[in-house]
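J.: Okay, here's what each chain looks like letter by letter:
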Amino acid sequence: MDILFQGGGALWADPSTDRARRFFADKPRALIDKVMTVAEAVRRFVHDGDYFACGGFGCARIPTAVLHEILRQGRQHLRFAGHTATHDFQLLCAGNGLGQGQTLAAVDIAYVVGLEARGLSPHARRVLESGEVACTEWTNYTLALRFKAAAMGVPFLPVHSLLGTDTLRHSAACVVACPFTGEKVVLVPALYPDVAAIHVHEADRYGNCRIRGTTVADLDLARAAKRLIITCERLIPNDDIRQDPSRTAIPFFCVDAVCEVPYGSYPGNMPYEYFSDEEHIRQWLSAEKDIEEFRTFLQKYIFEVRDFTEYWQRCGGLPRLQELRRQEFLLHRGL
Amino acid sequence: MDILFQGGGALWADPSTDRARRFFADKPRALIDKVMTVAEAVRRFVHDGDYFACGGFGCARIPTAVLHEILRQGRQHLRFAGHTATHDFQLLCAGNGLGQGQTLAAVDIAYVVGLEARGLSPHARRVLESGEVACTEWTNYTLALRFKAAAMGVPFLPVHSLLGTDTLRHSAACVVACPFTGEKVVLVPALYPDVAAIHVHEADRYGNCRIRGTTVADLDLARAAKRLIITCERLIPNDDIRQDPSRTAIPFFCVDAVCEVPYGSYPGNMPYEYFSDEEHIRQWLSAEKDIEEFRTFLQKYIFEVRDFTEYWQRCGGLPRLQELRRQEFLLHRGL
Amino acid sequence: MSAAYNAMELMICCAARLLEDGRTAAIGTGVPCAAAMLAQRMHAPHLVILFEAGGVAPQLPTMPISVGDSRSFHRAVMATSMADIMETCRRGLIDYTFLGGAQIDPYGNLNSTCIGGDYARPKVRLPGSGGANDLASFCWRILVVTHHDRRRFVEKLDFLTTPGYLTGPGAREAAGLPPGSGPYRVITDLAVLGYNDETKRMEVYSLHPGVSLAQVRAATGFELGVREPLAVTEPPTPAELLLLREEVDPHRYVIGRC
Amino acid sequence: MSAAYNAMELMICCAARLLEDGRTAAIGTGVPCAAAMLAQRMHAPHLVILFEAGGVAPQLPTMPISVGDSRSFHRAVMATSMADIMETCRRGLIDYTFLGGAQIDPYGNLNSTCIGGDYARPKVRLPGSGGANDLASFCWRILVVTHHDRRRFVEKLDFLTTPGYLTGPGAREAAGLPPGSGPYRVITDLAVLGYNDETKRMEVYSLHPGVSLAQVRAATGFELGVREPLAVTEPPTPAELLLLREEVDPHRYVIGRC
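Residue numbers (my numbering), protein chains in the order written: chain A, 88 to 422; chain B, 88 to 422; chain C, -19 to 238; chain D, -19 to 238.
Treat each hint with caution, since some may be false.
[Claimed, not checked] Straight line, CA to CA, 30 Å or less: simulated DSBU-like cross-link-like pairs of lysine-lysine:
(1) A:LYS271 - C:LYS103
(2) B:LYS271 - A:LYS114
(3) B:LYS114 - A:LYS271
(4) A:LYS376 - C:LYS103
(5) C:LYS136 - C:LYS103
(6) D:LYS136 - D:LYS103
(7) B:LYS271 - D:LYS136
(8) A:LYS387 - A:LYS376
(9) A:LYS271 - B:LYS271
(10) B:LYS387 - D:LYS136
(11) B:LYS376 - B:LYS387
It is worth saying that the hints were derived from the structure and are not from the lab.
Throw the hints in and build the complete structure from the sequences for me.
T.: Written out as structure tokens, the structure reads:
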């Protein structure tokens, strides 16, 4: 089982399971109250230089409040897992190239810079094209598999993506021959983020979480992360969790902080709660075109703002959120 | 990444993903009605010589009706995945050593012969100790991982079980050094069963399934199996499935047959439905001690019986099942 | 209802017609989604669609904006993980996928990573693979729907993000990609293209009404063969246009882009 | 309520006392389950228990019969897959596990596969590893509760199903098992045993009241050291016995086995 090819991309996190085990050996695992504010959670659990990852897909179910707080607290030199990272990546890039240091230092890329059908983020392009952020290439699935490897406690997982491409050449994956079948197979290294943030529908005070709709890679990310900040639409009693344990997606022992943040995925979409605010996202893309206008925009929507509630109040407040709820349930179409 | 050690156990199924892909390329994938009787499902989808696997754990959520039908239809020379296989393994063994041919030819063993706290099955011991069934050793997790590898479409998965033991020596796994970290790691080959049977709570006519409680390895098994027979407590309308797609555990395109079998896990436990019938299981263990008595017992409970409803009617019928429902919900304890 | 149609409508109809009934398609937003919805309403009521973020067989009330938004699993039969979808593709259960890119080469390889400069300091940084490389490695038939011009149809990609036939016959298999999978059709605003069975290079299968072969070649940055007899693309039928405009995309999210 | 107790009650109390508060334990049915339930009621209210079939932190209404039955996730905080539980163990989040076997050797290795004959035609075929090999490879501290006799405590196993310290110091690490993990205590009806820090061989930590060292050695098929000062096991306290008999196992499923 020789290594047939080794990608030349840098590895931004240690894939060793034995070293990860040493960390998890000391992680608290009792059912204790973890409720705190987002500001406190970011202060305690997100450090300069950390490898950071966040949940959701595109603009759906993203932990916006945590990203705002990372900017407000001025975290520096983060490494990041960009797996269909749209508005979240846009937010992290707002910490670079604007004279406030360098929030983003390196990124594992599956999909960044773009906002799917909405187009590319001008500022994210600026930041990546400047060369100041070091990049390694992956794909949505292989990056998700790197979380899965970490969650499984193994140093790598095999996959048949990447083969034959420049994406492989700029990844940190390698190619081997399967000892059982001789088939060529790619091995991707485990990725244990130092800290992750995931937005969920419901959580109890201990961090037992429920998610409705697609789970993307979040079940694996939650288990892979050394520290985990949960934001939730609603806190629920532990008794509710125990009434139907089949619905628990993330168990408490993965979680370090539980923050109740209603509308926490705004301006993204939260399935069964509210649709994305496409108008506000367009404002972001438009403001980014001019660097001075973007600075002013960030002041207004992030740096002058105390907390997440004040943010969405500046974006139209409850009437706007009611409209987005109507869009989510298609009520605006007379259904 | 040299092979440091290779277990000497036989591999009973082809781990090649490219060959599995060729099979799945031709598997029907439209939403079509798959409801049929267990007799028809076994006739159509379980063939002599097949590699067979079944869902559940211990005596919980097992597809008893399919196992009875395999005996009644006299299937021969099956290979089997014995992953905490208790009453299910006991049933398959009832096709060996009793003058009706050899139902079981080979077994991948994680846990067989025993019925957990209830003791060992005398007849299963007789069958395995005779040497007529070829064995390869695994563990509950590594056997589950072999299904997961198949479900993922990769020829192997890495794991840190088995190391240093005779279980490894009698498995078909191998040991390599991780190319990223140098850590020793075991590789277990993918296992694509020819056919599997899983008992679930609810399914629609197309095979979309819901499971309540622990899922054991069944989500992976369902995806790994080339053909899949679902037995369910209740058929439900497709519209119910679409009302809450987060609850679907197995999607229709994995499924070949949907059989409505109320009390289908009896005498095993079905979470949130009925508890196991410990008295009847004791009768099995007791009858097995004497080979003539066991023959008579099998006549009465399996071979003379037309279908599964007749089986549980011979075991006390609805009053007994009501009692087991009361036990499941602890109502018999005055709660 | 006019029988006239725009290029987007034609492309969607061409794509829809390629999707056989009873098959599965991992699709994205926009044209692929419209094509699948149209196919379901025309000849392929049992076409099953999946979105990579986890939606299986949704009944789409409207076009999703993202392959992960609420619409992508609206009245789905399952809302699952991305890994579950990708693994379903990898097991060989998914027949079609639709991909795009800033550049495509004669072998159907795609670039969606960067253009110009070098990798560390590109002139234009694009999103990267997303799920495209995975889907192109796993699904049986890759379809591309794209605008046709020389900047896009290039002899050599600046970056090979997503595998087509790589360097030609046997190259996918040699790289370890599954036998029998690969690029299938390219549908542009000028023509429908496929791949030569021998060389695995792109060639023109049919020209859209009013388009000449010279025009297509002029818009293509590499030598382009022809599959004989070269056909003219069937224009959208009134039935197709009616369904497309009234049911599939009444708000003209996609068909209005032309 | 009598202060007298049987051997099973003593073993359960010994096991319970070893489980620290705020820790996690992957347990099976019977004695381990009773020990964890007793510990939760005594000194370890925040002890979290998991069952390998998928139950996390259940509030057990009664003893489970199977590690996969309904009781094992009764009012649990999560009912998940076996892989999820095993992977939680493997990541290093689970502190204790309880295992058993037909044979145990001086290094705490266990046999639950077969006895006598050869592998293909054993004299006695036993169930096999189940999840034991996995749990012993992943959890930090392995506890064994077992009857003490010479057929069980053997110098050489007929089959090494589940890893203890294998052949001695450094052997687990050399085999690839995680540093810092391994056998912790063996609790029998005669004594509490542990492992020598240097040799990794089993030695006696404490003798149960009324049991002599000679008696323990006579019931052990290998040379058995002693950790000095050799203690006498604390008998069950009235509080322990009360909880065990009234709350943990009122139907005497486990404590009645003696």
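J.: Evaluate each hint against the coordinates.
T.: Hint check results:
1. A:LYS271 - C:LYS103: The given pair, whose Cα atoms are some 34 Å apart, is violated under the 30 Å limit.
2. B:LYS271 - A:LYS114: Holds, at about 25 Å.
3. B:LYS114 - A:LYS271: holds (25 Å)
4. A:LYS376 - C:LYS103: holds (17 Å)
5. C:LYS136 - C:LYS103: holds (17 Å)
6. D:LYS136 - D:LYS103: holds (17 Å)
7. B:LYS271 - D:LYS136: With a Cα-Cα distance of about 26 Å, the restraint between B:LYS271 and D:LYS136 holds, given a limit of 30 Å.
8. A:LYS387 - A:LYS376: holds (16 Å)
9. A:LYS271 - B:LYS271: holds (21 Å)
10. B:LYS387 - D:LYS136: violated (45 Å)
11. B:LYS376 - B:LYS387: Between B:LYS376 and B:LYS387 the Cα gap is close to 16 Å, so the pair holds against 30 Å.
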